[in-house]
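If you're matching them up, the sequences are chains A and B in order. Per numbering that gives the first Met the number 0, the very first residue in the first sequence carries number 0; after that it's consecutive. Per numbering that gives the first Met the number 0, the very first residue in the second sequence carries number 0; after that it's consecutive.
If you are wondering where the hints come from, they were derived from the structure by calculation, not from laboratory data. Quick reminder that beta carbons are idealized off the backbone N, C-alpha and C, glycines included. Among the hints, erroneous ones may be present.
Keeping only pairs whose Cα atoms sit at most 27 Å apart, straight-line, the calculated DSS-like set for lysine-lysine is [to be verified]:
| no. | chain 1 | residue 1 | chain 2 | residue 2 |
| --- | --- | --- | --- | --- |
| 1 | B | Lys60 | B | Lys76 |
| 2 | B | Lys240 | A | Lys1 |
| 3 | A | Lys1 | B | Lys283 |
| 4 | B | Lys76 | A | Lys106 |
| 5 | B | Lys229 | A | Lys1 |
| 6 | B | Lys240 | B | Lys279 |
| 7 | B | Lys56 | A | Lys106 |
Taking CB as the label site, the calculated pair distances span [to be verified]:
| no. | chain 1 | residue 1 | chain 2 | residue 2 | range |
| --- | --- | --- | --- | --- | --- |
| 8 | B | Ala9 | A | Ile12 | 21 to 29 Å |
| 9 | B | Asn138 | A | Asn111 | 55 to 63 Å |
| 10 | B | Trp79 | A | Asn111 | 30 to 38 Å |
Chain B is nowhere near these chain A residues, computed Cβ spacing over 10 Å in every case [as the list claims (entries may be wrong)]:
| no. | residue |
| --- | --- |
| 11 | Gly53 |
| 12 | Gly61 |
| 13 | Asp70 |
| 14 | Arg204 |
What follows is the residue order along each chain.
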Amino acid sequence: MKKFLAIQITALILISGTLGGVLYYTDAYQEVYSRIVSIICLSCIKLDPVISLGFRFDTANGKDHPEFIKDLLDKGPIFIDFGTDACLYCDYMDPLIKQIFNVSFEKEDLFNTTINFNGTEITFIHINEDWATGEYKDLESYYDVDGDNAVPMFTTITLGYHHGFINPFYNTVYGILNKDYSDGQRINLLKNIIQDSIDLYNENRPGYTHD
Amino acid sequence: MKFQIKRYIAQLIFLISANLGALGLKTGFCYPFFYCNACPAATSGCPLRALEVSVYKVSEKLSLSNLGSFFSSLIEKINWKLFLYPILTLGAVGTISGRAVCGWVCPIGLLQRTTSIVPRKINTKIPIFAKIGKHRAENYFRYVKYLVLISLVILIPFWIGFTFTDICPVGILTGTIPIMALSPGVYVPNSFFYVALVIFILFIALIFLIERGWCRYFCPVGAILAPFNKISFLQVSVNKKECQSCNYCSKVCPMSIDVPNMHRDPECILCGKCVNACLKNEIKFEWSYK
Numbered sequence: 000m001k002k003f004l005a006i007q008i009t010a011l012i013l014i015s016g017t018l019g020g021v022l023y024y025t026d027a028y029q030e031v032y033s034r035i036v037s038i039i040c041l042s043c044i045k046l047d048p049v050i051s052l053g054f055r056f057d058t059a060n061g062k063d064h065p066e067f068i069k070d071l072l073d074k075g076p077i078f079i080d081f082g083t084d085a086c087l088y089c090d091y092m093d094p095l096i097k098q099i100f101n102v103s104f105e106k107e108d109l110f111n112t113t114i115n116f117n118g119t120e121i122t123f124i125h126i127n128e129d130w131a132t133g134e135y136k137d138l139e140s141y142y143d144v145d146g147d148n149a150v151p152m153f154t155t156i157t158l159g160y161h162h163g164f165i166n167p168f169y170n171t172v173y174g175i176l177n178k179d180y181s182d183g184q185r186i187n188l189l190k191n192i193i194q195d196s197i198d199l200y201n202e203n204r205p206g207y208t209h210d
Numbered sequence: 000m001k002f003q004i005k006r007y008i009a010q011l012i013f014l015i016s017a018n019l020g021a022l023g024l025k026t027g028f029c030y031p032f033f034y035c036n037a038c039p040a041a042t043s044g045c046p047l048r049a050l051e052v053s054v055y056k057v058s059e060k061l062s063l064s065n066l067g068s069f070f071s072s073l074i075e076k077i078n079w080k081l082f083l084y085p086i087l088t089l090g091a092v093g094t095i096s097g098r099a100v101c102g103w104v105c106p107i108g109l110l111q112r113t114t115s116i117v118p119r120k121i122n123t124k125i126p127i128f129a130k131i132g133k134h135r136a137e138n139y140f141r142y143v144k145y146l147v148l149i150s151l152v153i154l155i156p157f158w159i160g161f162t163f164t165d166i167c168p169v170g171i172l173t174g175t176i177p178i179m180a181l182s183p184g185v186y187v188p189n190s191f192f193y194v195a196l197v198i199f200i201l202f203i204a205l206i207f208l209i210e211r212g213w214c215r216y217f218c219p220v221g222a223i224l225a226p227f228n229k230i231s232f233l234q235v236s237v238n239k240k241e242c243q244s245c246n247y248c249s250k251v252c253p254m255s256i257d258v259p260n261m262h263r264d265p266e267c268i269l270c271g272k273c274v275n276a277c278l279k280n281e282i283k284f285e286w287s288y289k
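Chain B on its own, in the form it takes in the complex:
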């Protein structure tokens, strides 16, 4: 069986297992990928929601009388177990397999995989999109996901209240739409609905214009997993000595990584497309410690 078909099967199996709540299986685990607990069929909790809840409005409870009491109240008021739980879950998975979760498990990754044919065609027919994708600034734009994680998931909930989950486009896709379809007339849009709807439309536009656009630029779960590529046991390695620099691997890479020069790139989702594409078989999956 072809390698990429195996990946499709893995993604479908994980999509189904993420939705076993439809059969009544609800657990207290956090998903190690990006999926919404508000989905009527969800089995587990969104790691980002757990992070938001853990720091929710902690700033209001802090003692500001002196520095010592400030730090002691900070330590006391953050719900550490709820803060650490999703990070450690993602960390354990990330230490073993890096961002392979994004390429092999995440349902939103599967969605973007199915839409990826559109941005590839657009890039071929409208060269400006390909140029934008290769612009030097594009690499810096990838840091936005870290800003989203720190600001919208942690800092703003710490000071003001829920933010990311209020505007999350995946919440609209997997929560709002199914719930409105299953329970018509029971709910009405709240004040964040239209903002979230605009973001959802931008999300859809993004994934149809840029392959894996969400994973590259905005996914906070990807931002947590990405650093673990640096130390993960599983990695994609390139034999640079034998590489003929045909660059075919980079052309097929959904994350637009410069594969021949890649070494434990935080953006690599270990999808294996470059492994399949290399005519010389010089790109391999490795359980490595290099």
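Chain A with its partners taken away, still in its complex shape:
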């Protein structure tokens, strides 16, 4: 009887002690919150967002666009590829993104680079939400128009005319864009968005200044 009680108490101390250690010494709590609870899990709901091709001015979180994005817009349009480590559709879309931009990267890479797209210089940014730091960390909250933290998320930022001013103008699409599309159609859709952003940029760049 005493032996069994000792086993029970040992098990409880070991398990609850380890659980306490995991919660206290690691960021498991934060990771469950940020990677599971606070995002809408598209695979859990077995749904994909309907794409919206519209560009917009107001950021998703209502704040002004980040300064470093405004700085980058001086050079040309920006394309941001948001993903996470565990993301089925990121694995699907990453090869297409690499093909469109002729870039190579690993899933966990966080970088921005200037690339040539049909003769125009654009900034390509790859962000893995699980590893993002500094100014990249909160970037998704500015451009996640559906507010679901769904990934992959592709944001194209350019310039547009808005009530007499030239302001950052962006478009966000998610996932595999459309489940009925072929890979070729997905590539074309993204290329069309980027080409639209280049056309808008060239049209509006002369009027763009920022503090």
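Following the hints, position chain B against chain A.
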């Protein structure tokens, strides 16, 4: 107040507390029961999703040059904190109260409790269902939930990617349906939707045909909790010396356990129906160390 009404109240309280996300309360805890974090009102994370994320496609990152580097890369690439967190959460709860969580806390348990009148009537009117339920093979079928846990929640995500959460019927019930109702036109079905829908229909059929069918055969969370019945402080104990073998306790048991011969049965969800049913009061809840 009657004991089973108290259990209903407990289940309703936990159902509400699992959905406080509707009031903006989102936490980084894992549910110690089966519930979906994709529910718009969810407060915490699904333990199975955390397990899947922790091993997601680890096989692709393993070094296969030699056995030593294989194991070191295996240890390095699994997200251990995310792997251990849900298991330890369930383990802590299980060590104290075993599978009482299934009987007293789990919202899917509450759902099955409310549907249980149907399989009971079916069993009375169509004896073949009762016979199937008592078939010797039925006991072996209960091991399926362990296979589901190991294969769909751990091994396949380890090699291929998310599996269980892609086809989870509870995801359809608590995630897909509310989200489609709340945000019409924003989402369209993905490639797993129709497979999951078929599984969801089978899930509904199962719980209407077999009492606690999901808990008995398929629930991976139940599979994690079940072994803890063997060492839990709280248990249902039967005084076998005084038992008159009327077997009334077994008849009311929603998990179809042979209660008079039960000792720390992994299938027992500590619902207390047998405790209430025993005419001699020889079945009791015990904080025990036997």
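Now the hints, each set against the structure:
A threshold of 27 Å between alpha carbons decides the hint, and for Lys60/B with Lys76/B the separation of about 7 Å falls inside it, so the pair holds. Straight-line distance between C-alpha atoms of Lys240/B and Lys1/A comes to about 23 Å, which keeps the hinted pair within the 27 Å bound. A distance of roughly 21 Å separates the Cα atoms of Lys1/A and Lys283/B; the hinted pair therefore holds under the 27 Å criterion. At roughly 14 Å between alpha-carbon atoms, Lys76/B and Lys106/A fall within 27 Å of each other, so this suggested pair holds.
Taking the CA atoms of Lys229/B and Lys1/A, the gap is near 16 Å; set against the 27 Å cutoff, the hint holds. For the hint pairing Lys240/B with Lys279/B, the CA-to-CA distance comes to about 12 Å; that is within 27 Å, so the pair holds. A distance of roughly 12 Å separates the Cα atoms of Lys56/B and Lys106/A; the hinted pair therefore holds under the 27 Å criterion. The hinted window of 21 to 29 Å between Ala9/B and Ile12/A holds, with their beta carbons roughly 27 Å apart.
Take Asn138/B and Asn111/A: their Cβ atoms lie about 59 Å apart, and the range 55 to 63 Å holds. A beta carbon spacing of about 31 Å between Trp79/B and Asn111/A agrees with the range 30 to 38 Å that was offered as a hint. A cut-off of 10 Å between C-beta atoms confirms that Gly53/A is not in contact with chain B; the least separation is 14 Å. Every CB of chain B is more than 10 Å from the CB of Gly61/A (nearest about 17 Å), matching its label as outside the interface.
Residue-level check passed: Asp70/A sits 33 Å from the nearest beta carbon of chain B, beyond 10 Å. Listed as a non-interface residue, Arg204/A keeps its Cβ farther than 10 Å from every Cβ of chain B; the least gap is roughly 34 Å.
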